[in-house]
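Here the protein sequences come in this chain order: F and Z. Add 3 to the 1-based position in the first sequence for my numbering, that's all there is to it. Add 3 to the 1-based position in the second sequence for my numbering, that's all there is to it.
Some hints could be false.
As the list makes no split between identical chains, a pair holds if one copy fits it or if it spans any two.
[Said to hold, decoys possible] In silico DMTMM-like links for lysine to aspartate or glutamate, alpha-carbon gap of 25 Å or less:
| id | residue 1 | residue 2 |
| --- | --- | --- |
| 1 | Lys272 | Glu231 |
| 2 | Lys307 | Glu109 |
| 3 | Lys307 | Glu201 |
| 4 | Lys88 | Glu6 |
| 5 | Lys307 | Glu110 |
| 6 | Lys307 | Glu162 |
| 7 | Lys88 | Glu162 |
| 8 | Lys279 | Asp179 |
In case anyone wonders, no lab produced these hints; they're calculated from the structure. Predicted, not measured: the structure shown is a model, and the values here were computed from it.
2 protein chains.
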Amino acid sequence: MREGIDVQVCEVGLRDGLQGLHTFFPTEAKKQWIEIEAAAGMPAIEVCSFVPTSVSIQFTDAQESVAHALAQPGLHVMALIPNLKGAERALPTGVHQLNYVTSVSEEHNLRNVRRTVEESLTEFGRVAALRNSKPEWKKTRICGAMATALGCTIKGQVETKDVLRMGERYLKLGADELAIADTVGYASPRQVKAMFQEAARAFPGVPLTAHFHDTRGLGLANVVAALEAGCRRFDASLAGLGGCPFAPGATGNIVMDDLIFLLESMGLKTGVALSKLLEARAIIRANLKDEPLYGAIAKAGLPKGFRPASPLPLAAE
Amino acid sequence: MREGIDVQVCEVGLRDGLQGLHTFFPTEAKKQWIEIEAAAGMPAIEVCSFVPTSVSIQFTDAQESVAHALAQPGLHVMALIPNLKGAERALPTGVHQLNYVTSVSEEHNLRNVRRTVEESLTEFGRVAALRNSKPEWKKTRICGAMATALGCTIKGQVETKDVLRMGERYLKLGADELAIADTVGYASPRQVKAMFQEAARAFPGVPLTAHFHDTRGLGLANVVAALEAGCRRFDASLAGLGGCPFAPGATGNIVMDDLIFLLESMGLKTGVALSKLLEARAIIRANLKDEPLYGAIAKAGLPKGFRPASPLPLAAE
Numbered sequence: 004m005r006e007g008i009d010v011q012v013c014e015v016g017l018r019d020g021l022q023g024l025h026t027f028f029p030t031e032a033k034k035q036w037i038e039i040e041a042a043a044g045m046p047a048i049e050v051c052s053f054v055p056t057s058v059s060i061q062f063t064d065a066q067e068s069v070a071h072a073l074a075q076p077g078l079h080v081m082a083l084i085p086n087l088k089g090a091e092r093a094l095p096t097g098v099h100q101l102n103y104v105t106s107v108s109e110e111h112n113l114r115n116v117r118r119t120v121e122e123s124l125t126e127f128g129r130v131a132a133l134r135n136s137k138p139e140w141k142k143t144r145i146c147g148a149m150a151t152a153l154g155c156t157i158k159g160q161v162e163t164k165d166v167l168r169m170g171e172r173y174l175k176l177g178a179d180e181l182a183i184a185d186t187v188g189y190a191s192p193r194q195v196k197a198m199f200q201e202a203a204r205a206f207p208g209v210p211l212t213a214h215f216h217d218t219r220g221l222g223l224a225n226v227v228a229a230l231e232a233g234c235r236r237f238d239a240s241l242a243g244l245g246g247c248p249f250a251p252g253a254t255g256n257i258v259m260d261d262l263i264f265l266l267e268s269m270g271l272k273t274g275v276a277l278s279k280l281l282e283a284r285a286i287i288r289a290n291l292k293d294e295p296l297y298g299a300i301a302k303a304g305l306p307k308g309f310r311p312a313s314p315l316p317l318a319a320e
Numbered sequence: 004m005r006e007g008i009d010v011q012v013c014e015v016g017l018r019d020g021l022q023g024l025h026t027f028f029p030t031e032a033k034k035q036w037i038e039i040e041a042a043a044g045m046p047a048i049e050v051c052s053f054v055p056t057s058v059s060i061q062f063t064d065a066q067e068s069v070a071h072a073l074a075q076p077g078l079h080v081m082a083l084i085p086n087l088k089g090a091e092r093a094l095p096t097g098v099h100q101l102n103y104v105t106s107v108s109e110e111h112n113l114r115n116v117r118r119t120v121e122e123s124l125t126e127f128g129r130v131a132a133l134r135n136s137k138p139e140w141k142k143t144r145i146c147g148a149m150a151t152a153l154g155c156t157i158k159g160q161v162e163t164k165d166v167l168r169m170g171e172r173y174l175k176l177g178a179d180e181l182a183i184a185d186t187v188g189y190a191s192p193r194q195v196k197a198m199f200q201e202a203a204r205a206f207p208g209v210p211l212t213a214h215f216h217d218t219r220g221l222g223l224a225n226v227v228a229a230l231e232a233g234c235r236r237f238d239a240s241l242a243g244l245g246g247c248p249f250a251p252g253a254t255g256n257i258v259m260d261d262l263i264f265l266l267e268s269m270g271l272k273t274g275v276a277l278s279k280l281l282e283a284r285a286i287i288r289a290n291l292k293d294e295p296l297y298g299a300i301a302k303a304g305l306p307k308g309f310r311p312a313s314p315l316p317l318a319a320e
């Protein structure tokens with residue numbers, strides 16, 4: 004984690020927000036988005052997914068996005084990889100971190116990536132082996148993400164023990180860190196607190212990221228619960244980009260702008276200058292004219308006399 | 004608090020949600036709203052404000068609303084009173100509870116009710132004396148609500164000690180309970196937790212209600228923080244009715260439907276059947292065609308296999 008911050012937020016809008024859209028988000032706009040957020044102090048961005056072009060046209064410029072992000076000073080650059088082929092394309096870019104996703108729910112994994120959980124984990128082992136095969140690739144961290152870890156639209160409830168077992172497998176196979184994702188927005192604060200407490204006990208010293216969706220309105224409440232359990236890494240997307248395809252009109256990822264407000268107002272330094280971050284919304288608006296943008300702070304403004312926790316550059320606001 | 008529930012929610016949409024609207028919400032629709040919510044298991048409703056007709060045309064039917072609410076079995080019926088005159092009109096109705104509001108911020112109180120804080124509290128003393136003047140009126144509880152207790156759009160930050168001092172004054176003057184209101188949506192979870200912990204210490208045994216607005220997106224996160232501090236009474240409005248007049252497009256009260264989902268998913272019994280409660284949204288939509296309605300659960304639906312905490316009637320869903 005970058006020095007001087009209490010919580011590491013990671014912008015996932017460029018990947019999770021854009022992946023489901025049918026419009027190609029122009030490469031130049033992606034670069035602008037990355038630049039503005041990096042300048043605002045964003046510590047980490049997941050800039051793309053290395054999926055085959057046949058699956059999504061959104062990331063045909065994956066290499067270019069990664070290269071541009073790597074040029075931003077101090078930015079931790081991540082990319083999603085769906086399989087070994089993705090890792091083969093991603094590793095030569097020098098990206099700082101690769102995120103690999105398996106659903107804890109067998110049914111969801113089959114539908115999402117057409118593989119059993121076991122097949123997905125075996126593939127992850129190959130990814131780890133590839134990463135370890137060249138000294139210059141060893142600098143790239145790999146994170147094992149667990150989707151539907153807090154509930155599944157197909158299966159319903161998901162067992163904590165299955166999440167812990169998958170985390171253990173990931174680590175044995177070579178994962179450097181783990182992510183727990185409420186992919187469908189089913190989680191509630193009590194469940195989140197228990198899950199992150201158990202995961203922290205089971206995986207001491209392993210960086211653990213919370214990836215929450217706001218589909219049922221509890222996204223930021225779940226962040227508070229995860230904070231109580233010691234979690235200090237959160238994914239979010241600017242303006243909440245990334246609606247849920249199964250729930251029309253429902254929001255997707257938690258809103259980055261509101262997350263920053265939440266954390267800074269709780270005295271937790273994020274390093275992000277909120278007023279600068281908000282400027283990046285204009286890039287989304289200009290390139291996705293019909294997409295709903297979310298965010299309470301963007302509408303209501305900061306409280307009078309608000310003092311953010313981050314001394315720089317937020318203090319300049 | 005009603006037997007068998009863990010948390011008492013109070014519907015304030017009929018008062019806080021309607022008071023700022025320029026359209027008169029028909030009396031029959033108000034009655035329907037009250038009926039459906041009472042049937043859904045809502046334990047408490049603030050049905051109106053006893054303001055002069057010159058101030059608002061919304062509550063010309065205040066007596067009728069109270070009478071209709073009192074006819075619902077088991078419902079705790081509340082009304083807001085702005086002054087002694089309001090109490091004189093309200094007490095003969097037999098309403099169960101009167102809520103009286105003073106802003107902790109002097110500036111806000113002056114602008115809101117054109118009185119100093121001292122003048123407001125003196126008036127509250129007269130209200131308490133009136134309530135105590137007749138044996139049949141003594142059954143009506145009086146609650147001292149503290150507005151802008153967690154921040155003020157004019158003053159900015161508000162001191163906790165000023166809130167505690169006002170609470171003490173209220174109790175000395177005869178208040179049976181207290182409410183702490185984040186009138187302008189400035190509060191953050193850490194602040195809320197500290198405030199409710201201090202208030203619980205300062206006023207042991209006194210029922211304490213949290214009244215949060217979602218203006219900056221932290222409403223439900225603040226509920227989680229207040230729960231951690233032991234608070235078990237929350238105001239909210241169906242569909243989040245009641246936008247903030249100073250922040251166009253911003254939400255007002257926290258959304259009752261989402262609050263019920265939050266609480267029940269945390270294993271806390273509210274006694275409210277969410278699916279029945281959601282039916283009442285149609286009444287608002289039919290009578291306020293241009294008003295934005297909020298709520299994530301209304302859009303996304305309940306999680307698959309969701310088990311509410313309330314055994315009845317929620318379990319029947």
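Results for each hint:
1. Lys272 to Glu231: For Lys272 and Glu231, both the intra-copy (16 Å) and inter-copy (23 Å) Cα distances are at most 25 Å.
2. Lys307 to Glu109: between (49 Å within a copy, 16 Å between copies)
3. Lys307 to Glu201: between (39 Å within a copy, 24 Å between copies)
4. Lys88 to Glu6: neither (34 Å within a copy, 60 Å between copies)
5. Lys307 to Glu110: between (49 Å within a copy, 14 Å between copies)
6. Lys307 to Glu162: between (44 Å within a copy, 14 Å between copies)
7. Lys88 to Glu162: Classified as neither; 31 Å inside a copy, 58 Å across copies.
8. Lys279 to Asp179: neither (32 Å within a copy, 47 Å between copies)
Against the hints set out earlier in the document, violations occur for numbers 4, 7, 8.
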